Amino acid sequence: MGIQRYVAKRTLQALLVVYVVATTVFVAVRSIPGDPARLILGGDADADAIAAVRAELGLDQPMYVQYARWMGDLVRGDLGESIFTGEPVASRIIGAAEPTLSIGLVGISIAILIAIPAGIISATRRDQWEDYAATGVAFLGISMPSFWIGIVLLLTVGTAIPAIPSYGYTPISEGIVPWLANVILPATAVGLPYAGIITRMTRSSMLEVLGEDYMQTARAKGLPPRVILFKHGLQNALLPVVTVAGILFALLLGGIVAVEMVFGVQGFGRLLIRSIERQDFPIVQGSVIVISIIFVFMNLFVDLLYMSINPKIKYGGEA
Amino acid sequence: MSLLDVENLRVTFPVDGGPDVRAVDGVDIAVEPGEIHGLVGESGSGKSVTARSVMRLLDGAVVEADRFDYRGEDLYAKSEAEMRTIRGDDIGMVFQDSMSALNPVMTVGEQIAEVVRHHGDVDESAGLLSELRRKYVTGTSETAPSWRRAVELLETVGIADPADVATTYPHQLSGGQRQRVMIAQALGGDPSLIIADEPTTALDVTVEAGILDELRRLCDEMDVSILLITHDLGVVAETCDSVTVMYSGSVMERASTEQLFQHPAHPYTKGLLRSVPEGGATDGELTTIPGSAPEPTERPDGCPFRDRCPAAFEACADPLPEHVVDAGHATRCHLYTERDDPGEVAWDADADIDAGVTAVTDDSGEPSPTEVTDG
Numbered sequence: 001m002g003i004q005r006y007v008a009k010r011t012l013q014a015l016l017v018v019y020v021v022a023t024t025v026f027v028a029v030r031s032i033p034g035d036p037a038r039l040i041l042g043g044d045a046d047a048d049a050i051a052a053v054r055a056e057l058g059l060d061q062p063m064y065v066q067y068a069r070w071m072g073d074l075v076r077g078d079l080g081e082s083i084f085t086g087e088p089v090a091s092r093i094i095g096a097a098e099p100t101l102s103i104g105l106v107g108i109s110i111a112i113l114i115a116i117p118a119g120i121i122s123a124t125r126r127d128q129w130e131d132y133a134a135t136g137v138a139f140l141g142i143s144m145p146s147f148w149i150g151i152v153l154l155l156t157v158g159t160a161i162p163a164i165p166s167y168g169y170t171p172i173s174e175g176i177v178p179w180l181a182n183v184i185l186p187a188t189a190v191g192l193p194y195a196g197i198i199t200r201m202t203r204s205s206m207l208e209v210l211g212e213d214y215m216q217t218a219r220a221k222g223l224p225p226r227v228i229l230f231k232h233g234l235q236n237a238l239l240p241v242v243t244v245a246g247i248l249f250a251l252l253l254g255g256i257v258a259v260e261m262v263f264g265v266q267g268f269g270r271l272l273i274r275s276i277e278r279q280d281f282p283i284v285q286g287s288v289i290v291i292s293i294i295f296v297f298m299n300l301f302v303d304l305l306y307m308s309i310n311p312k313i314k315y316g317g318e319a
Numbered sequence: 001m002s003l004l005d006v007e008n009l010r011v012t013f014p015v016d017g018g019p020d021v022r023a024v025d026g027v028d029i030a031v032e033p034g035e036i037h038g039l040v041g042e043s044g045s046g047k048s049v050t051a052r053s054v055m056r057l058l059d060g061a062v063v064e065a066d067r068f069d070y071r072g073e074d075l076y077a078k079s080e081a082e083m084r085t086i087r088g089d090d091i092g093m094v095f096q097d098s099m100s101a102l103n104p105v106m107t108v109g110e111q112i113a114e115v116v117r118h119h120g121d122v123d124e125s126a127g128l129l130s131e132l133r134r135k136y137v138t139g140t141s142e143t144a145p146s147w148r149r150a151v152e153l154l155e156t157v158g159i160a161d162p163a164d165v166a167t168t169y170p171h172q173l174s175g176g177q178r179q180r181v182m183i184a185q186a187l188g189g190d191p192s193l194i195i196a197d198e199p200t201t202a203l204d205v206t207v208e209a210g211i212l213d214e215l216r217r218l219c220d221e222m223d224v225s226i227l228l229i230t231h232d233l234g235v236v237a238e239t240c241d242s243v244t245v246m247y248s249g250s251v252m253e254r255a256s257t258e259q260l261f262q263h264p265a266h267p268y269t270k271g272l273l274r275s276v277p278e279g280g281a282t283d284g285e286l287t288t289i290p291g292s293a294p295e296p297t298e299r300p301d302g303c304p305f306r307d308r309c310p311a312a313f314e315a316c317a318d319p320l321p322e323h324v325v326d327a328g329h330a331t332r333c334h335l336y337t338e339r340d341d342p343g344e345v346a347w348d349a350d351a352d353i354d355a356g357v358t359a360v361t362d363d364s365g366e367p368s369p370t371e372v373t374d375g
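Same order as they appear, the protein sequences are chains A and B. Under the UniProt record's numbering, the residue at position 81 of the first sequence is numbered 81, and the numbers go up by one with no gaps. Under the UniProt record's numbering, the residue at position 83 of the second sequence is numbered 83, and the numbers go up by one with no gaps.
Don't read these hints as lab results, they were simulated from the structure. Note that the structure is predicted; figures quoted are calculated from it, not measured. From the three backbone atoms N, C-alpha and C, an ideal C-beta is built for every residue, glycine too. It is possible that part of the hints are untrue.
Said to hold, decoys possible - Facing chain B, a subset of chain A residues (Cβ under 8 Å, in silico):
# : residue
1 : Arg200
2 : Lys221
3 : Leu223
4 : Pro224
5 : Lys314
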């Protein structure tokens, strides 16, 4: 099976997953007690006014009619408008997704840049001080929640270095440097726990690889130690790490919600939480769909990456 | 001068919270230029440890010897950097399990080509950055001299379509092909000695015969000496010029192959030869040596074989002597030094054969295709 067919097949599967998620969230938001119309009009609004707003929003229709209408819009790429502000859901999501994805991607980059070298050093200097230092710091990283790391960073780095803003977000369109200065602290906060896990994964995977027969073969071939480590060992050691790193990206996105609060970033997490509170159905539905799309395609990306570094895996699964 | 000359080798593995394990206890090995020397013994006799000690690949083990010379130079006096030029360059190694001993994420061509780059006569950078660039960015150029040499070597070891095979990964090849790749890899630095550690044990009999022929041919045509480690006397008979028999960390007998098979001296050797099934005989039980080899920590004093030896007597508890039987033929047995006439060893056909006794040889003596179909 060629790569195109494989990707096409996986994309179809992904769309199916997104459809199931969309349907589930549609039902779920409508199962929450409460009524958006009442929230819009306030507690003492009379029944006629509430009924009028419900009719305007289409909430008086039977559930299956609402569902069919919403699905019809969705297929055409229309996510609808916010119940409260009337803004298109798509533009609200795009506006909120940029800071969140910035923090997430910078965070994962920081994590990988720290974790993989730390894991390799830890494994090759097993039971020496470098190993104890790396595993100790990794353990600290795993133990501390992101929002707490965020607060500590704010109070230390944020106050010590005025060039690093400790609040809000600067879009990337205003320049890489101001954007990065703004993103670096929240990204570090979400990245460190992640780095802790990847460090430990890399360490144990590398230790296993160091004991493999082909590493002894490489020594018997008279190759220098660093060529043996990085040419023969690294790729094999990263095979399991890549899989876990991809799955963990989901956890990292979850951690961003709290960090956005700490740093006052108007991101995806805030948007989602506020919309759930206000029962802004279209935004909640749209956000969850976008998140599920990110997840399934992240998974596909990780699988493709895994195949590219593991020659034993072929598209479609036959070994 | 012997190519490899090892005297009184002792290898000890320290064990946390237990007695140290002496895996090899006073072994002499000599490999002459241009010969295939067999090192034969049961599992656990210390033959693989002996082989790895030549490459200094035994991490954490204490290796001692009265002499450990390769081309007259003490291998254990060399620095690690000097050892790296000897490994792959002067001495190549072929491991038993080619599936795990080849790197699963590298093409076999590259695994051979890198040996050529590090040890061969090609003008290509083999520094860390060049190697990493080749590995992760550009791949090895198929016009590079090292790659072309790798393809040549694959052809030398009898691979059909060597250019195509060079671009495959180990899991895409058969066991026999992989073992040929291992041999080509060991030849990459144009070595004088190849250590082959049970190179055919994982292969079926017909493929085994092909690999052994290949080793014989390389020895004859390319002036390479081979130290062939095996548990199979059939392989020795087929391939080797001379042979050292090991038992439980010690050498029992050393002889030319002809001397060993015609006039075995040590009771253990005689027992081994008696246990080899006759070609074509398919009925009746296999004869075995009663009992099993002792654990390294439970070896008796003196001769390690004395508990299983039908000719054992009091003197066997003394340290092993050395007795020269003939030119190039020596044994370490008290029967020859303590008695005027060693007599015949009473290997009784009805000897006490318990359940669980290990047959010494795993394979038939004569690897022939007809035998496989009959069996």
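Which hints from the list above does the structure break, by number from lowest to highest?
1 and 5
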